[in-house]
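Protein chains in written order, with the working numbering: chain A, 1 to 679; chain B, 1 to 679.
Errors might be hidden in some of the hints.
Claimed, not checked - As a list, the in silico DSBU-like pairs of lysine-lysine whose alpha-carbon atoms are at most 35 Å apart: (1) A/K200 - B/K200; (2) B/K117 - B/K200; (3) B/K117 - A/K343; (4) B/K148 - A/K117; (5) A/K539 - B/K662; (6) A/K200 - B/K17; (7) A/K357 - B/K357; (8) B/K148 - B/K17; (9) B/K343 - B/K357; (10) A/K17 - A/K148; (11) B/K662 - B/K539; (12) B/K148 - B/K343; (13) B/K343 - A/K117; (14) A/K343 - A/K357; (15) A/K17 - B/K117; (16) A/K357 - A/K539; (17) B/K148 - B/K357; (18) B/K343 - B/K539; (19) B/K148 - A/K343; (20) B/K148 - B/K200; (21) B/K117 - B/K17; (22) A/K117 - A/K17; (23) A/K17 - B/K200; (24) A/K539 - A/K662; (25) A/K148 - A/K117; (26) B/K117 - B/K148; (27) A/K117 - A/K200; (28) A/K17 - B/K343; (29) A/K117 - B/K357; (30) A/K343 - B/K343; (31) B/K17 - A/K357; (32) A/K17 - A/K200; (33) A/K539 - A/K343; (34) A/K148 - B/K343; (35) A/K200 - A/K148.
Hints listed in this document are in silico derivations from the structure and should not be mistaken for laboratory results.
Number of protein chains: 2
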Amino acid sequence: MPEPTGPRARPAADLPKTFGRARPVITGVRPTVDDGHYPAKGAVGERVAVEADIFADGHDELSAHVRFRHEAGVPWETAPLEPVGNDHWQGEFPVLRTGLHHFCIRATVDRFGTWLKDLQARAGAGQDLSVELVVGGALVGQAAARAKGVDRRRLAELADRLHRTAEVTGGAAGLDVASDPELRELMVRHPDFRPSARSKVYRVDVERARARFSSWYELFPRSASTDPSRPGTLDDVRARLPYVARLGFDVLYLPPVHPIGTTVRKGPNGAAEAGPGDPGSPWAVGAATGGHTDVHPDLGTVADFDRLVEAASAEGIDIALDLAFQCSPDHPWVTDHPDWFRKLPDGTIRTAENPPKRYEDIYPLDFETSDWRRLWDALRDVVEFWIGHGVRAFRVDNPHAKPLRFWEWLIANVRSEHPEVIMLAEAFTRPRIMEHLAKVGFTQSYTYFTWRTTARELEEYLTELTRSPTADYFRPNFWPNTPDILHASLQNGGRPAFIARFVLAATLAASYGIYGPAFELVEHEPRHPGSEEYLDSEKYQVRHWDLDRPDSLADLVARVNAIRREFPALQQNRTLRFHHVDNDQLLAYSKTSDAGTDGSGRTGPILMVVNLDPEVAQAGTVHLDLDALRLDPSEAFVVHDLLTDARHEWSGADNFVRLDPKILPAHVFHVEPLASRVP
Amino acid sequence: MPEPTGPRARPAADLPKTFGRARPVITGVRPTVDDGHYPAKGAVGERVAVEADIFADGHDELSAHVRFRHEAGVPWETAPLEPVGNDHWQGEFPVLRTGLHHFCIRATVDRFGTWLKDLQARAGAGQDLSVELVVGGALVGQAAARAKGVDRRRLAELADRLHRTAEVTGGAAGLDVASDPELRELMVRHPDFRPSARSKVYRVDVERARARFSSWYELFPRSASTDPSRPGTLDDVRARLPYVARLGFDVLYLPPVHPIGTTVRKGPNGAAEAGPGDPGSPWAVGAATGGHTDVHPDLGTVADFDRLVEAASAEGIDIALDLAFQCSPDHPWVTDHPDWFRKLPDGTIRTAENPPKRYEDIYPLDFETSDWRRLWDALRDVVEFWIGHGVRAFRVDNPHAKPLRFWEWLIANVRSEHPEVIMLAEAFTRPRIMEHLAKVGFTQSYTYFTWRTTARELEEYLTELTRSPTADYFRPNFWPNTPDILHASLQNGGRPAFIARFVLAATLAASYGIYGPAFELVEHEPRHPGSEEYLDSEKYQVRHWDLDRPDSLADLVARVNAIRREFPALQQNRTLRFHHVDNDQLLAYSKTSDAGTDGSGRTGPILMVVNLDPEVAQAGTVHLDLDALRLDPSEAFVVHDLLTDARHEWSGADNFVRLDPKILPAHVFHVEPLASRVP
C-alpha cells in the first residue's frame, strides 16, 4: 500500500485566519536572479522595472503594487503595478542610493473596481441596476467610515447619491455617479481591508551610476613616458590624465603595478627567456621588493600612486587596478605561505598550466589548501589595502580560475563596507561560468563582443545580453581590443575596421573600453599570422607612443564619448532594438532614453547604422521599427548625424543609407522632430 | 555616505571548514517548478530525467550524480549524471511507488579524472610523464589504502606499476597503465574524500501510472438506459461497462450523480424554465433529497454506486466523479450554512454570474466567508466520502472559480492519505491560471486542444506542452468534444473530422477523453448556428443512444486504444517530435518509446500523419527527422499502418503520403526494420 506523504497535510483549522481569503497569486517576479538566491543589479538614478504574473480565481478585478526600501531599514514605500495583458503586470521604483534594496509585490482583490466593472457590464446589457447601486452605496459608505475630514464627507455624499439613484426606476443615473473618477480616487485612497497576497522579498543590489555607464581606458604605465630614453612611471600616468579626460574616459585601468618576478621571466613577444634589460610581464606579480600591496620601484612609490589617484579624481576619473591573484616564483608568499601552493612529489611548487600548456613564470594559488581561510583573508586584505589608497574600481584577472564561491564571499565583504567599489570580471570562458560570476556580484563583465563580427552574430548576442533574465544581473563591458586580443578583423580591416568596432562597442553597450594608445593609434600587427597577440606586445616590453600622430583616432573617440555623455539613451542597454536592413553588411540599431530620475541629458532616440565591411561602400534600405523609435508613421522626421553634424529628412519606415568605409563607416543619428531641421 | 549593507559580510574564519574547498556550482536543476516551491510530477514506472548546469573554476574534471529517495525516509540512492556539452549534465532515476520523492544533485572535482585527462594531453604533446606518473601513483596508492580485500591488492599493484613506469625514461609506458578502464573503475569505486557541492533538495510527486497514461470516457448515467421508455440508472451504467471496456477506456467519468435542484431549474436546450418532466442540469447540485454526498434517487442509491465501482474495478476501469463545488438553491447547505453564500442587500443569496451573464439556478460558494475553514473542511469531507466509496479519480468542475490556494490545500490533504487519487482540472481559462492549477497539484488538465485546429497551431501548442518547464508539472488531457463544447470543425467536418480529431487527441497526448456516445455516434448538430452547445444537450434532457448503429466509430476507437496500450511510445509526451510536410493540411509527428522500468510493451517509433482537411484528399512529401526516429539515413525501413495493417517500404528522409478523408484521414505507423516486411 502507498504510505502517507506526511507533513504536507494540515487541517484548515491550523491555517492563519486570513489564509484562505487571500486569493491572488503572484509568480514570475522580475528582476530576480535564481528566484532570489542572488540580488538583481541596479544603479543609482535608475528606475527598477518590476514585473510579475498576477491573477486570482474568478472574474474579480485585482490591484497590485510593489513595496520597496533600502535594506538599511527605512520605511517601505509603495508604487503601483498596472496590468499589461495576459495576467502580466508592470511597474517601477526609483533607487537613489547605493546598497541592497528590498522589494516585494502585493496584490489584493479590488472590490470596488470589480463592482464598478460589473455595473458597467450590467448597464451595457440594459439590466436593472437598483440592487447593485445599493451594494455599491454600502461599499462607499464603509469607505466614508474609514476616512476622515473632507474625504469622509465627500464619500458619504457619494454613497448617499448612489442610494438615491437606486430608488429611481432601473437606476440608470447611478452609472454616472459610480463612474466618476473622483469616486475612484477616493476609494483608492481609503481601501477596505483585504487579505493580500505577497511575494517573497527580493533584492536589488544598487551600485553607483558608473556601474551602469562607464568608459574605460587601459594603458601600461611603463609605456607612458614621453621621453623615449626611459620607461614610464606613475608620474607619467599622472601627466597623461588630461589626455584621457579629453578623450572622455572616466575609468583609467592600469595592468598590475606591483614588483615583477625575475625567475623564469619572459622576454619580448613572450620569449621563454628574458634578456637582462627586459621588464617582464606585470602579471608575474611579486619579487624581493614586495607583492600585491607594493608598487614596482621602477614605477614609483605608494605615495606616487596616491597622488595619481587624487589627480584622477579631480578629473572625474577612477583609477582601476588589476587584481591578478597569482604569484611569480619570487613573491613573498612563496616563502611566507608555502601551504598556499601545490607541490610536486619532489617538494617543488607546481607552476600554472593547462596541459599541455605551461606557464612557468606563474605559481597559481591553491584554493584547495586546508589553509584557505587565511588565504581568502589575505586576498581580501589586498583589496582593502588599495581601497585604503583611494581605489574604487578593479579589473579582476581570470576570475574563472579561482573558486566562484570565493568571489561571492569577497565581493559581499568588500561591498558591505564599500558599496562604491566596482569590479569588472575579465573572464573569457564558457557561458555558464561568465553568467555565474555576474550572479555572485561582479559589477561588469568582459564579453564575447570581440569575436562577434557579423550582423547576425551581433544581433543575437546583444538580444540575449539586453533582455531578462541575463540583463537582470549581467552588465556587459565591450572591448574592441585588449593587450591579449588583437582580433583578425582589426589586423586586416585597417582604420575603417577600428572605427566600426569602436562605434559598435561604444553605442551597443553602456559600458565599454579600449586598450590604448594601441587602439587610437591603429596598432594592428600580430605577433605572427593567425595569432591574436600583438607584435611587440606591451605585456613583455616597454613601448613609446606618439599621441600626436595625425592618423590618431583620438578626436573620433572624444566625439563619441561626448555623445555618450550627452544622450542618456546610450547610458543603458534595456531599450536596444535592431532594425532590419536589406544588406547583411549594414547593422542598424537604436536606443531610446529611459528618463533618469534627475532628468538630465537630452532625450530622443539614437539610431546607429554601421557598415561592417571595411573595404567596400555598402548601401541598402533600413526598415525602421517606428514603434521602437516612438515615431508616428505619418510624419517626417530628421536624422541628425552626431558624428558629422549632417541632417537628413526621412519619413516612414523605409529609408536609404549608404556608408563608405573610406570616408566614415558609421552613422550615429539623433532622431529629431522635423522642426529642428536647419533650413 | 553610503552605509554598510550589513549581514552579507562574514569573516572567512566563520565559514564551515570545507566551505571554501567545495568548488563546483550547480544551477538550473530540472525537473523543478518555481525553484522547488512546487513539486515536479512523476508517475510510477517512469525514469525521471534530471538535468543541471554544473561547472567549476579552472580546468578540472568534475563528477556529478543525483541522490534520490522516497520521502518515507528510505536510504538515499545514487545515479550518475553525464556531461552533454556546454556545462549541461543529464541523468535519470527510476520511481517505483507513489508519493513524494526527494532528489538533489551533488558534484565534486574528479581528481583522478583530471590527472588522467592532463596525462593524456601531456603525452599527446610528447612531454616527459615521469613526475606525473609519480603523482598518479600516489593517488592510486591512497585509493588502495581506502579499499579492502581484492580491490585493495589490485589498486596497490597498479600504483606500483605506475611508479615503476615513472622510472623508465619519459614514462611513456605509464600512459597505458593509467588509461586502463579497470583502474578507472576501481578509482570510481573508492573515491577520495572531496568537498562536494550540493543543490537544494527538490521534490517529485509520483502518482500511479494512470496519472500519465489514461483514456477517459464520459457518459450521462440518465442517458444510459437501453429501454427508450425510461431514463438510465447507475445499474444501466454498470451494464454499459463491457462496452466501455471493449472500446478500451480505463476511466469512466460521470457528470454529477447528486440530487438536482428544482428552483429555477433549466429546461431542454437551456430554456429558462423547465417543464414538469424535465430532469434539470446535474451541475445544479442539491435538493431536498440531499447534496454532494448523496445519489439522485432517480439514478439509484449509494449502494448501487458501490456496486458500479466494484464492477468497473473488475474491468480495470476507474469511476471518475465530478466535483462541482456549487449549489442549487435547494441544497441543504443553503439553510444549514447560510454564511457560505454571498447576500444581496435584501438578505437573499446572490446567484452565480459573470456580468452581464447570470446563472440563476446556481448559488456559488463564497470562499471569502469568514467561516472559510469550515467550508474547506466540508468540501474535503465530500472528497473523502467518495474516496470511502472507492472513487480514485475526480474531474473537477471549473476549478478556476475557486481560490487556487484552496486547491493546493485540498489536493495536499487528499494525496497525503490517498496518493492513488487522480484529479483532472476542467479549467478552460487564461494560460497563467491553468498552469498554476497544475502547479498546485492537479494530476491532469483540460487544454486548448479543442480550439487548436491548424497544423501550425497544433505544432506550437504541443511543443510548449511537451517541453520543460511546462511538461515538468502540466499533464494535458485532450478532449475532441465535451458536453459543453461541440467545436465548429466537428459540426461541419462530418465523420472525417471526427476521426482526424480523435486520432490527434489519442496520439498527441498520453491522456485523452471523449464524451460519448455523442462522439462515436458522430453527434454534430449545434443548438443554433455559431453555438458550441449541442442541440438537445444531455445537460438538460435524457437521451437514448443506439450503440449498434453501423456508422458508429466504436471499432476505430477500440483499435486506437488497443494501439495505445501496445506501444509505450504513445503513453508519454516527452518524445513527441513534428516532421515537416510540404502541405499545410497534413500534420506528421512521431513518438519514440521511453523504455518503461518493467520493459513491457513494444518498442520502436510510432509515426502519425493526419489529413486536417475533412473534404479533400491531400498529398505531400514528409521530410522525416531521422534522428528523432532513430533511423539510419542509409537504410530502408517499413512503415506499418496499425489502423489498416498495410505496410510500405520507405527509405531516407523524404517520403510521399496521400490521405483521402473519405477513406481514412490518418496513418498510425509503426516504424519497423526492413526484415519485418511481410513478403
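Checked hints:
Between A/K200 and B/K200 the alpha-carbon distance is near 18 Å, which keeps this suggested pair within the 35 Å criterion. Between B/K117 and B/K200, the direct Cα distance comes to roughly 30 Å. Compliance with the 35 Å bound is thereby established for this hinted pair. Between B/K117 and A/K343, the direct Cα distance comes to roughly 19 Å. Compliance with the 35 Å bound is thereby established for this hinted pair. With a CA separation close to 77 Å, the supplied pair B/K148 and A/K117 exceeds the 35 Å bound.
Between A/K539 and B/K662 the alpha-carbon distance is near 78 Å, which puts this suggested pair outside the 35 Å criterion. Under the criterion of a C-alpha separation no larger than 35 Å, the hint pairing A/K200 with B/K17 is consistent with the structure, at around 31 Å. Straight-line distance between C-alpha atoms of A/K357 and B/K357 comes to about 76 Å, which puts the hinted pair past the 35 Å bound. For a cut-off of 35 Å, the pair hint linking B/K148 to B/K17 stands: about 29 Å separates their Cα positions.
Taking the CA atoms of B/K343 and B/K357, the gap is near 18 Å; set against the 35 Å cutoff, the hint holds. With a CA separation close to 28 Å, the supplied pair A/K17 and A/K148 stays within the 35 Å bound. For a cut-off of 35 Å, the pair hint linking B/K662 to B/K539 stands: about 32 Å separates their Cα positions. With a CA separation close to 78 Å, the supplied pair B/K148 and B/K343 exceeds the 35 Å bound.
Only pairs whose Cα atoms come within 35 Å are accepted, and B/K343 paired with A/K117 is accepted, the gap being roughly 19 Å. For the given pair, A/K343 sits about 18 Å from A/K357 by alpha-carbon distance, which is consistent with the 35 Å threshold. For the given pair, A/K17 sits about 61 Å from B/K117 by alpha-carbon distance, which is inconsistent with the 35 Å threshold. The straight-line distance between the Cα atoms of A/K357 and A/K539 is roughly 19 Å, inside the 35 Å bound, and the hint therefore holds.
About 78 Å separates the Cα atoms of B/K148 and B/K357, which puts this hinted pair outside 35 Å; it is violated. The hinted pair formed by B/K343 and B/K539 meets the criterion: a straight-line CA distance of about 28 Å does not exceed 35 Å. In summary, the hint linking B/K148 to A/K343 is supported, as the alpha carbons are separated by about 29 Å, within the 35 Å threshold. Distance hint between B/K148 and B/K200 is fulfilled; the C-alpha atoms sit about 33 Å from each other, no more than 35 Å.
Among the hinted pairs, B/K117 with B/K17 is consistent with the structure: their alpha-carbon atoms are about 29 Å apart, no more than 35 Å. For the given pair, A/K117 sits about 29 Å from A/K17 by alpha-carbon distance, which is consistent with the 35 Å threshold. A distance of roughly 31 Å separates the Cα atoms of A/K17 and B/K200; the hinted pair therefore holds under the 35 Å criterion. Simply put, A/K539 and A/K662 have alpha-carbon atoms about 32 Å apart, close enough for the 35 Å limit, and the pair holds.
Note on A/K148 and A/K117: the hinted pairing holds, with a Cα-Cα distance of about 27 Å set against a maximum of 35 Å. For the suggested pair B/K117 and B/K148, the alpha carbons sit about 27 Å apart, so the restraint of at most 35 Å is met. This hinted pair checks out: A/K117 and A/K200 have alpha carbons roughly 30 Å apart, not beyond 35 Å. Proximity of A/K17 to B/K343 is assessed by CA-CA distance (about 22 Å); at most 35 Å being required, the pair is judged to hold.
For a cut-off of 35 Å, the pair hint linking A/K117 to B/K357 stands: about 13 Å separates their Cα positions. At most 35 Å may separate the alpha-carbon atoms for a hinted pair to count; A/K343 and B/K343 exceed this at roughly 82 Å. Distance hint between B/K17 and A/K357 is fulfilled; the C-alpha atoms sit about 33 Å from each other, no more than 35 Å. Between A/K17 and A/K200 the CA atoms are separated by roughly 20 Å; this keeps the pair inside 35 Å, and the hint holds.
With a C-alpha separation of about 28 Å, the suggested pairing of A/K539 with A/K343 holds against the 35 Å cut-off. With a C-alpha separation of about 29 Å, the suggested pair A/K148 and B/K343 falls inside the 35 Å cut-off, and the hint holds. This hinted pair checks out: A/K200 and A/K148 have alpha carbons roughly 34 Å apart, not beyond 35 Å.
Checked against the numbered hints above, the structure violates hints 4, 5, 7, 12, 15, 17, 30; every other hint is satisfied.
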